[in-house]
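Trainee: Starting from the given sequences, assemble the full structure and let the hints guide the process.
There are 2 protein chains.
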Amino acid sequence: MSIRFDGTNLLDRMVGAHGISPRDIAEGEPAAVAALGRFHARVEAGDYGFPHLPFDDATVKEIRRYADSVRGGFDTVCVVGIGGSALGAWALDCALRGPHPVQPAFTVKNPRLVILDNVDPSFVLGALDSMNPKKTLVVVIAKSGATAETVAAFLIVREWLEKALGRKASGRIVAVTSENRGDLKPLAVREGYTTFHLPENVGGRFSVLSAVGLVPAALAGFDIRKICRGAAAMTSVCWKPERAVNPALDAAIHHWLVWTLRGKNIQVAFPYANRLWGLAFWFRQLWAESLGKKHDRAGNVVHVGQTPVAALGTTDQHSQVQLYMEGPNDKVYSFWTVKKFAKPGRIPKGKVGFESMDYLPGQTLERLLDAERRATAAALTEASRPNCVYEVDKLDEEHVGGLLQLFEFQTAILGELLDIDAFDQEGVELGKKFTFALMGRKGQQEHVERFQAYERRRSG
Amino acid sequence: MSIRFDGTNLLDRMVGAHGISPRDIAEGEPAAVAALGRFHARVEAGDYGFPHLPFDDATVKEIRRYADSVRGGFDTVCVVGIGGSALGAWALDCALRGPHPVQPAFTVKNPRLVILDNVDPSFVLGALDSMNPKKTLVVVIAKSGATAETVAAFLIVREWLEKALGRKASGRIVAVTSENRGDLKPLAVREGYTTFHLPENVGGRFSVLSAVGLVPAALAGFDIRKICRGAAAMTSVCWKPERAVNPALDAAIHHWLVWTLRGKNIQVAFPYANRLWGLAFWFRQLWAESLGKKHDRAGNVVHVGQTPVAALGTTDQHSQVQLYMEGPNDKVYSFWTVKKFAKPGRIPKGKVGFESMDYLPGQTLERLLDAERRATAAALTEASRPNCVYEVDKLDEEHVGGLLQLFEFQTAILGELLDIDAFDQEGVELGKKFTFALMGRKGQQEHVERFQAYERRRSG
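For the protein sequence lines, the chains are A and B, in the order given. Residue numbering for the first sequence follows my numbering, beginning at 1 and increasing consecutively. Residue numbering for the second sequence follows my numbering, beginning at 1 and increasing consecutively.
None of these hints come from the bench; they were simulated from the model. Any given hint might turn out to be false.
Not the full set, but computed from the structure, chain A residues with beta-carbon under 8 Å of chain B [claimed, not checked]:
no.: 1; residue: MET14
no.: 2; residue: ASN265
no.: 3; residue: ARG275
no.: 4; residue: LEU312
no.: 5; residue: GLN322
no.: 6; residue: ALA342
no.: 7; residue: SER356
no.: 8; residue: PRO361
When the alpha-carbon atoms are kept at most 27 Å apart in a straight line, the in silico DSSO-like pairs for lysine-lysine are as follows [as the list claims (entries may be wrong)]:
no.: 9; chain 1: B; residue 1: LYS349; chain 2: A; residue 2: LYS185
no.: 10; chain 1: B; residue 1: LYS351; chain 2: A; residue 2: LYS185
no.: 11; chain 1: B; residue 1: LYS433; chain 2: A; residue 2: LYS339
no.: 12; chain 1: B; residue 1: LYS349; chain 2: A; residue 2: LYS432
no.: 13; chain 1: B; residue 1: LYS442; chain 2: A; residue 2: LYS351
no.: 14; chain 1: B; residue 1: LYS349; chain 2: A; residue 2: LYS442
no.: 15; chain 1: B; residue 1: LYS351; chain 2: A; residue 2: LYS134
no.: 16; chain 1: B; residue 1: LYS432; chain 2: A; residue 2: LYS339
no.: 17; chain 1: A; residue 1: LYS442; chain 2: B; residue 2: LYS351
no.: 18; chain 1: B; residue 1: LYS163; chain 2: A; residue 2: LYS349
no.: 19; chain 1: B; residue 1: LYS349; chain 2: A; residue 2: LYS134
no.: 20; chain 1: B; residue 1: LYS134; chain 2: A; residue 2: LYS351
no.: 21; chain 1: A; residue 1: LYS349; chain 2: B; residue 2: LYS135
no.: 22; chain 1: B; residue 1: LYS134; chain 2: A; residue 2: LYS343
no.: 23; chain 1: A; residue 1: LYS340; chain 2: B; residue 2: LYS433
no.: 24; chain 1: A; residue 1: LYS349; chain 2: B; residue 2: LYS168
no.: 25; chain 1: A; residue 1: LYS343; chain 2: B; residue 2: LYS163
no.: 26; chain 1: A; residue 1: LYS351; chain 2: B; residue 2: LYS433
no.: 27; chain 1: B; residue 1: LYS163; chain 2: A; residue 2: LYS351
no.: 28; chain 1: B; residue 1: LYS340; chain 2: A; residue 2: LYS432
no.: 29; chain 1: B; residue 1: LYS109; chain 2: A; residue 2: LYS135
no.: 30; chain 1: A; residue 1: LYS432; chain 2: B; residue 2: LYS343
no.: 31; chain 1: B; residue 1: LYS343; chain 2: A; residue 2: LYS163
no.: 32; chain 1: B; residue 1: LYS240; chain 2: B; residue 2: LYS226
no.: 33; chain 1: A; residue 1: LYS349; chain 2: B; residue 2: LYS442
no.: 34; chain 1: A; residue 1: LYS349; chain 2: B; residue 2: LYS433
no.: 35; chain 1: B; residue 1: LYS432; chain 2: A; residue 2: LYS394
no.: 36; chain 1: A; residue 1: LYS168; chain 2: B; residue 2: LYS351
no.: 37; chain 1: A; residue 1: LYS168; chain 2: B; residue 2: LYS349
no.: 38; chain 1: A; residue 1: LYS433; chain 2: B; residue 2: LYS349
no.: 39; chain 1: B; residue 1: LYS135; chain 2: A; residue 2: LYS343
no.: 40; chain 1: A; residue 1: LYS432; chain 2: B; residue 2: LYS339
Since the structure is predicted, the reported quantities are computational estimates derived from the model, not experimental observations. Cβ atoms here follow ideal geometry from the backbone N, Cα and C, with glycine treated the same way.
Mentor: If you want it as structure tokens, here you go:
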């Protein structure tokens with residue numbers, strides 16, 4: 001497995017005053033190494049668990065045993081979950097089998113994933129119409145167990161399953177949840193669902209290599225041992241305190257400097273591979289929720305955050321690059337590239353008869369994709385827009401596992417550098433409370449009144 | 001058809017110093033009305049053609065006649081195009097049939113769209129593997145005709161079609177291009193492809209209601225008369241110089257003020273409907289390419305632009321809202337909501353036995369989705385984050401046509417207010433030239449040398 005970070009186009013010699021200098025990097029390195037050390041201490045203390053996940057062979061074995069035991073009985077795995085309970089499974093599925101709608105036909109030997117990560121009725125009911133309940137395995141995922149969207153969608157899916165299967169429905173439901181918190185666990189025990197747990201010290205957005213991501217992946221037929229092997233190898237590298245060998249540390253230093261010294265408040269995750277599109281959305285959550293914070297650890301109000309944007313190359317060259325080239329110089333661009341595709345995509349040799357087309361025959365899509373990415377990087381650089389590259393050799397289980405773990409480490413190190421808690425998400429609580437109030441959940445009187453006061457202000 | 005804009009939560013009485021005042025709006029209104037007038041004069045002069053598109057009954061009739069003549073002979077419409085030649089078709093398909101993978105099964109009566117808008121070899125080859133060339137109609141779309149990605153993908157698709165159909169392949173190819181520019185038109189004439197044109201004064205991102213969007217839509221089975229009827233009704237409203245009756249004018253004023261007076265440099269397009277996800281990506285191009293500019297019309301360097309971000313409710317409440325609530329107050333949030341879904345999605349009545357879940361049974365997904373949106377808006381407002389709402393009554397052809405046209409007018413008016421040319425895209429030229437140079441197209445010596453110089457700088 002080989003994944004490289006290249007920060008050359010972040011340097012001031014490439015992008016002038018919008019870049020950082022080798023001296024900035026040299027001066028920042030000790031702080032980053034110290035941040036890695038603090039993070040290591042917190043992991044050792046048991047505060048954060050994601051670095052241990054790829055080494056949890058027992059869980060991998062248990063999940064594989066379960067997947068083997070049910071394989072062949074379903075052509076669809078329906079994941080009911082949202083946010084961190086959905087994005088990891090999508091990222092893995094998209095990376096390893098390609099995006100919809102160009103996946104191979106689904107069969108009991110190659111079951112598709114349908115991820116119900118919203119409560120839009122037309123989406124949920126459309127999904128049910130597209131599935132056969134007798135050939136569907138349902139995986140409901142919620143760490144806390146009480147996420148409104150997940151519960152609501154699950155109750156509908158469960159009824160749909162029970163109508164077709166009667167009491168056997170319970171045998172087609174898997175729950176992934178906290179062992180000791182929330183009501184999904186006792187519900188699963190009461191109903192006899194197969195259950196997997198995720199460690200208490202692993203939050204949703206860091207949970208892709210726990211049962212949260214690995215159960216759907218194993219059921220879809222991916223080799224989760226290889227995913228974990230790649231992530232484990234990357235973990236070993238990510239603990240090293242030298243940026244020359246640790247791409248997470250090197251990338252964290254660069255991003256920290258270009259963000260805080262040069263004020264680049266937008267992070268464009270720019271994969272040049274359709275298979276990395278799901279991973280870009282997974283990254284978007286990781287980056288936004290981990291690094292968007294009101295307070296630092298000392299309690300100061302900081303309102304820090306770098307807004308992640310997902311763009312797809314080359315597609316978004318024809319949508320977003322006009323803005324990237326000419327708009328405000330407020331972004332850093334991270335290209336994600338794949339060195340080698342399974343097939344290069346040969347363009348037929350015969351000349352077309354027009355100069356505007358005849359440079360292409362005989363070349364390959366792989367080469368064109370790479371040329372487009374390098375051309376876009378060069379153009380952004382000439383426009384003084386800082387950009388960098390993450391390159392993976394190929395897209396297989398090991399590299400995808402490694403890439404996920406690299407991004408998690410990079411995020412954790414940046415959180416330490418910013419002196420914020422990258423692992424909480426206090427900011428979403430108020431919206432949840434207002435939702436409970438509007439939906440008539442008990443004990444929400446304070447937020448019922450607060451919402452009414454808001455509505456009165458709206459009326460002027 | 002009814003589409004409403006609600007800017008209440010942009011007001012300073014709701015979000016304090018991050019909002020705008022009724023006085024700001026009253027003072028801004030004459031400028032916006034004047035901008036609308038200037039835009040009208042340019043349209044009358046023939047500079048910009050998109051407002052005329054929904055009234056072009058002859059083109060609609062011609063497209064419908066063609067679609068009727070070929071219907072039944074294919075189960076897949078393969079669109080080869082990128083940027084403005086792809087996003088409109090996706091926006092319409094997603095809005096009217098739902099997102100992949102939950103669309104109904106595709107048949108010759110309900111052909112699916114597969115949109116090849118990239119040159120990733122694994123994506124293009126995967127798409128070909130998923131289609132039957134004997135049941136596929138190919139629509140190649142390129143205004144200029146020489147877009148590298150489109151030509152490369154098309155040559156591969158054409159060969160795939162010819163291998164299966166021999167000389168009959170030409171009868172299964174439709175070209176949409178400029179009548180008088182570029183080489184796709186002469187190629188189509190030579191090969192005998194069915195051809196549709198788009199007006200010269202309609203750019204890619206404003207072309208969804210030309211043959212560019214309507215040919216794929218008609219082939220997919222949508223009633224393009226209704227789409228145009230909704231867009232025509234919206235057009236009539238959008239020419240009115242009173243913001244009380246013109247939602248595009250009203251929205252443009254609000255966005256102009258909150259952007260330029262309050263420095264909100266990020267525009268979050270936040271649909272609460274999976275079917276509007278494609279439209280959010282179409283909007284992202286419209287907003288980024290039209291309003292991201294280096295120069296104003298007087299030639300001053302301005303580097304203006306508001307970065308569009310697509311977020312999906314409720315899904316991204318569990319991914320992005322932590323950042324939106326607590327991060328930098330640098331965004332304006334535009335909720336896109338649907339008042340009524342085809343079915344409400346009833347949550348089964350039986351109690352589950354846990355307080356954390358038992359407020360949901362008997363309610364509907366439609367109600368929960370609406371509550372989540374209102375709760376999120378209230379929470380953002382309490383955090384002084386300006387937000388607004390676009391509400392459509394329902395998602396049908398008329399409303400989707402109306403919404404597309406509303407956003408195009410809003411963008412055009414904003415361009416005039418900012419005194420920029422919202423209809424060019426000079427910023428992408430350099431990247432295209434570098435790509436040509438790297439791919440060995442003739443006559444690119446200047447950019448070959450310029451790229452080599454860049455590479456030398458990289459080597460330090």
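Trainee: It remains to establish, for every hint, whether it holds in the given structure.
Mentor: Quick rundown of the hints versus the structure:
no., hint, result
1, MET14, "6 Å, holds"
2, ASN265, "6 Å, holds"
3, ARG275, "6 Å, holds"
4, LEU312, "7 Å, holds"
5, GLN322, "4 Å, holds"
6, ALA342, "6 Å, holds"
7, SER356, "4 Å, holds"
8, PRO361, "7 Å, holds"
9, B:LYS349 with A:LYS185, "21 Å, holds"
10, B:LYS351 with A:LYS185, "17 Å, holds"
11, B:LYS433 with A:LYS339, "23 Å, holds"
12, B:LYS349 with A:LYS432, "22 Å, holds"
13, B:LYS442 with A:LYS351, "14 Å, holds"
14, B:LYS349 with A:LYS442, "17 Å, holds"
15, B:LYS351 with A:LYS134, "25 Å, holds"
16, B:LYS432 with A:LYS339, "21 Å, holds"
17, A:LYS442 with B:LYS351, "14 Å, holds"
18, B:LYS163 with A:LYS349, "14 Å, holds"
19, B:LYS349 with A:LYS134, "23 Å, holds"
20, B:LYS134 with A:LYS351, "25 Å, holds"
21, A:LYS349 with B:LYS135, "25 Å, holds"
22, B:LYS134 with A:LYS343, "24 Å, holds"
23, A:LYS340 with B:LYS433, "24 Å, holds"
24, A:LYS349 with B:LYS168, "20 Å, holds"
25, A:LYS343 with B:LYS163, "19 Å, holds"
26, A:LYS351 with B:LYS433, "21 Å, holds"
27, B:LYS163 with A:LYS351, "17 Å, holds"
28, B:LYS340 with A:LYS432, "23 Å, holds"
29, B:LYS109 with A:LYS135, "26 Å, holds"
30, A:LYS432 with B:LYS343, "25 Å, holds"
31, B:LYS343 with A:LYS163, "19 Å, holds"
32, B:LYS240 with B:LYS226, "22 Å, holds"
33, A:LYS349 with B:LYS442, "17 Å, holds"
34, A:LYS349 with B:LYS433, "23 Å, holds"
35, B:LYS432 with A:LYS394, "26 Å, holds"
36, A:LYS168 with B:LYS351, "20 Å, holds"
37, A:LYS168 with B:LYS349, "20 Å, holds"
38, A:LYS433 with B:LYS349, "23 Å, holds"
39, B:LYS135 with A:LYS343, "25 Å, holds"
40, A:LYS432 with B:LYS339, "21 Å, holds"
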